[in-house]
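**Q** In case you want the letters, here they are:
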Amino acid sequence: MTGKMNIVLTTLLVGCALSVVNARFQARHLLIDLDRTQQQQRQLDIDWTQLQLDQSTLGKNERIEQIARSELTMAPVTPARTQYLTEGGK
Amino acid sequence: MKQAATGSRAAGSRVAAGKGVAFSKSPVLAVRLPDWRSRVVLFVLFAAFALLVGRALWVQVVNNDFLQKQGASRYMRTQELPATRGKIFDRNGVVLASSMPVKSVSAFTEDIKGAPSDKLRELATLLDMPEADLLKKLASDRSYVYLKRQVEMDVVAKIEKLGIEGIDTRKEYKRYYPQGEVMAHMVGFTNVEDVGQEAMELAQQKNLVGQPGSRRVIRDRLGHIVEDVGLAREPHDGKDLHLSVDSKLQYIALNSIKEAVEKFKAKAGAAVVLDVHTGEVLALANWPTYNPNDRSRLTGEQLRNRVITDTFEPGSSLKPFTVALALDKGLIKPSTLIDTTTSGRYFTGGHTIRDTHAHGVIDIGTIIQKSSNIGTTKISEMLTAQEMWEMFTKVGFGQAPRYGFPGAAAGRVRPYKSWRTVAKANMSFGQGISMSLLQLAHAWLIFARDGDVIPLSFQKVTEKPAGQQIISPRTAAQMRTMVESVVGPGGTASLAQVAGYRIGGKTGTAQKVIDGRYSQTHYVGNFVGIAPMSNPRFVIAVMIDDASGPLHTGGSVAAPTFAVLAANALRADNIPPDSTVTDIIIPEHPLEESN
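As they're listed, the protein sequences go chains W and B.
First residue of the first sequence? That's 1 in our numbering, and the numbers climb one at a time after it.
First residue of the second sequence? That's 1 in our numbering, and the numbers climb one at a time after it.
One should not assume that every hint holds.
Between beta-carbon pairs, the in silico distance windows are [as the list claims (entries may be wrong)]:
#1 W/LEU18 / B/ALA56: 26 to 36 Å
#2 W/ARG63 / B/ARG149: 27 to 37 Å
#3 W/LEU18 / B/LYS161: 39 to 49 Å
#4 B/MET129 / W/ASP54: 23 to 33 Å
#5 B/ASP228 / W/ASN22: 17 to 27 Å
#6 W/LEU58 / B/LYS158: 22 to 32 Å
#7 W/MET74 / B/ARG414: 50 to 60 Å
#8 B/ASP65 / W/ILE7: 38 to 48 Å
#9 W/TRP48 / B/ARG149: 19 to 29 Å
#10 W/LYS4 / B/VAL59: 40 to 50 Å
#11 B/GLY71 / W/LEU18: 23 to 33 Å
#12 B/THR356 / W/GLN83: 37 to 47 Å
#13 W/ALA75 / B/LYS161: 46 to 56 Å
#14 W/VAL14 / B/LEU51: 28 to 38 Å
Reference excerpt, derived from the structure (chain B facing chain W, CB under 8 Å, subset only) [as the list claims (entries may be wrong)]:
#15 SER98
#16 GLN179
#17 HIS224
#18 ASP228
#19 ARG571
With a straight-line Cα cutoff of 16 Å, these simulated EDC-like cross-link-like pairs (lysine to aspartate or glutamate) come out [what the hints assert, rightly or not]:
#20 B/LYS119 / B/ASP133
#21 B/LYS174 / B/ASP294
#22 B/LYS239 / W/ASP45
#23 B/LYS148 / B/GLU193
#24 B/LYS248 / W/GLU62
#25 B/LYS158 / B/GLU122
#26 B/LYS174 / W/ASP47
#27 B/LYS137 / B/ASP111
#28 B/LYS137 / B/GLU110
#29 B/LYS248 / W/GLU65
#30 B/LYS370 / B/GLU484
#31 B/LYS258 / B/ASP546
#32 B/LYS171 / B/GLU193
#33 B/LYS417 / B/GLU387
#34 B/LYS258 / W/GLU62
#35 B/LYS136 / B/GLU110
#36 W/LYS60 / B/GLU181
These aren't lab readings, by the way, just hints derived from the structure by calculation.
Every residue gets a Cβ at the ideal spot worked out from N, C-alpha and C, and that includes glycine.
Can you make the complete structure from the sequences, with help from the hints?
**A** Next comes the structure, spelled out in structure tokens:
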């Protein structure tokens, strides 16, 4: 009786031990994945910052005005040649 | 032969031994050792083992600190978790300041000595410095020298590719200001250590700065992190900052000021645009300005934020406050007639008050419209010094401002007990009292709003601020009518007109105080205006400092600058025209767009 019991317990013990090994292995893998993703996140953050900077630099009012004037030959509106449509106006 | 002989002899002796006397009977072996000897050996062996076990217990269980520490130092690492400084945005989410990771390049002078000269030349080119400078740095006595701070990542990659021994790179952050000089006075800048030095970068340093953290990890042989032991310090990124400034209006303001300074050959100029409903500072421009990305040739003149730190005597743009106070106290009505004399001179308190033109008997609105010093003096005579002082103090003059902006000047209002008659008269038209342009614009909110003043904000405001009533809404409305007439054909500021919109404002010209005396040649011209009058949206204040051309008064230099600024600001903000637009389609002097 005790012999059988011992066998069952030993099997259980070995099973537990193996599952601990497995769990540790998985944990390490997940940690590495997490680490990699966090690095990716940081890189994406940097990219995002860079893009925001680019947007702000390229969208500078000075640049837009200069391009509008020189390349697109646009001119600012003056009241002299604007027809205002006011609601219920005369 | 000899060999065979020895062989047979050996065989013979073996046989002899085999067949000879048994070992046990050997007399040598028959000697019995005493029992205690084996016990001693046994005991010594046990004792040695016990010692080992004891020692093992000692170092591993009882006193295991040392080994634990040694072990940890072999697999544990402290990993720095970086925290970035918060970004600064304008009210529409445009980035005004943002930090990017860069690296500092430095060298261990001992290790770099053997580096080939062609590689050093390449390094100098990459670092964008003359080779002689680089060599001088490397010849330093110190063992570690910074070659260049804040080198961009792609350059660092090229430097690392050179493979020069003794070169060290360290991570740091660099602050970028994409809007450059347009936003310089509003945003400020940080130094090489990422610490705010000016303007909002300085004022909000505590919130913007990040708190780098660290965590303990276990690394395997390949450098992979295999276990996270725990956070030693949690990293906190700096908080983002949303300013009240509108980059479009800011650009318009800066451009108008820049053009005016050039056109009127002035020393400097400044403008500020306030939101009437929220008290937000929508634009704050100074000329000269600087580029925060390249501060190598920065001068104090460029750095100076005139809107906030410079105080000046505003002159006539203060008159509406005296008039409003008398109106509010019921001492006068808009229709009250006042004799401003036909000579243009009025003698009071031992001094003569002068008007540039004699106006005779005129009503209150005309006093404002024509900017009569004598008229305002006579109104001030109805008021006590204390009443005037209280008015000035309530709207913020002479009070330490709480804008949350570094270097804000308080201006100067002397205590009313020391006012003499002439001082009171002078103050009624804005002399002998000083303030910053921002304070002046802020105080003008009482006319643009219904008589109350709200706190200014450099950060985006989400809820309606609570105002403090200074004058009645009725008085404020009467004042608006008066200041609108100033811009009319008969007023002092007809050049401030904006086609398509009703606007109102008041010019001011003050002689600069140089060496304690009023200068006869140096003036500060200013104009404070409200636009549009039907539903005030902006209070705009403009100051032109020391125009050296033929024009120097507020009406001739600041008013037209205001007109350009206001016209563009109103258009940019999509505010519908409120004037009889069809009549003004072809204005007398068509407005030129700034460029």
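**Q** Hint by hint, note whether the structure agrees.
**A** Checked hints:
no. : hint                           : verdict
1   : W/LEU18 / B/ALA56: 26 to 36 Å  : 29 Å, holds
2   : W/ARG63 / B/ARG149: 27 to 37 Å : 29 Å, holds
3   : W/LEU18 / B/LYS161: 39 to 49 Å : 47 Å, holds
4   : B/MET129 / W/ASP54: 23 to 33 Å : 27 Å, holds
5   : B/ASP228 / W/ASN22: 17 to 27 Å : 19 Å, holds
6   : W/LEU58 / B/LYS158: 22 to 32 Å : 26 Å, holds
7   : W/MET74 / B/ARG414: 50 to 60 Å : 53 Å, holds
8   : B/ASP65 / W/ILE7: 38 to 48 Å   : 43 Å, holds
9   : W/TRP48 / B/ARG149: 19 to 29 Å : 25 Å, holds
10  : W/LYS4 / B/VAL59: 40 to 50 Å   : 42 Å, holds
11  : B/GLY71 / W/LEU18: 23 to 33 Å  : 26 Å, holds
12  : B/THR356 / W/GLN83: 37 to 47 Å : 41 Å, holds
13  : W/ALA75 / B/LYS161: 46 to 56 Å : 50 Å, holds
14  : W/VAL14 / B/LEU51: 28 to 38 Å  : 36 Å, holds
15  : SER98                          : 5 Å, holds
16  : GLN179                         : 6 Å, holds
17  : HIS224                         : 6 Å, holds
18  : ASP228                         : 6 Å, holds
19  : ARG571                         : 7 Å, holds
20  : B/LYS119 / B/ASP133            : 15 Å, holds
21  : B/LYS174 / B/ASP294            : 12 Å, holds
22  : B/LYS239 / W/ASP45             : 15 Å, holds
23  : B/LYS148 / B/GLU193            : 13 Å, holds
24  : B/LYS248 / W/GLU62             : 9 Å, holds
25  : B/LYS158 / B/GLU122            : 10 Å, holds
26  : B/LYS174 / W/ASP47             : 15 Å, holds
27  : B/LYS137 / B/ASP111            : 14 Å, holds
28  : B/LYS137 / B/GLU110            : 12 Å, holds
29  : B/LYS248 / W/GLU65             : 11 Å, holds
30  : B/LYS370 / B/GLU484            : 12 Å, holds
31  : B/LYS258 / B/ASP546            : 14 Å, holds
32  : B/LYS171 / B/GLU193            : 12 Å, holds
33  : B/LYS417 / B/GLU387            : 11 Å, holds
34  : B/LYS258 / W/GLU62             : 13 Å, holds
35  : B/LYS136 / B/GLU110            : 14 Å, holds
36  : W/LYS60 / B/GLU181             : 11 Å, holds
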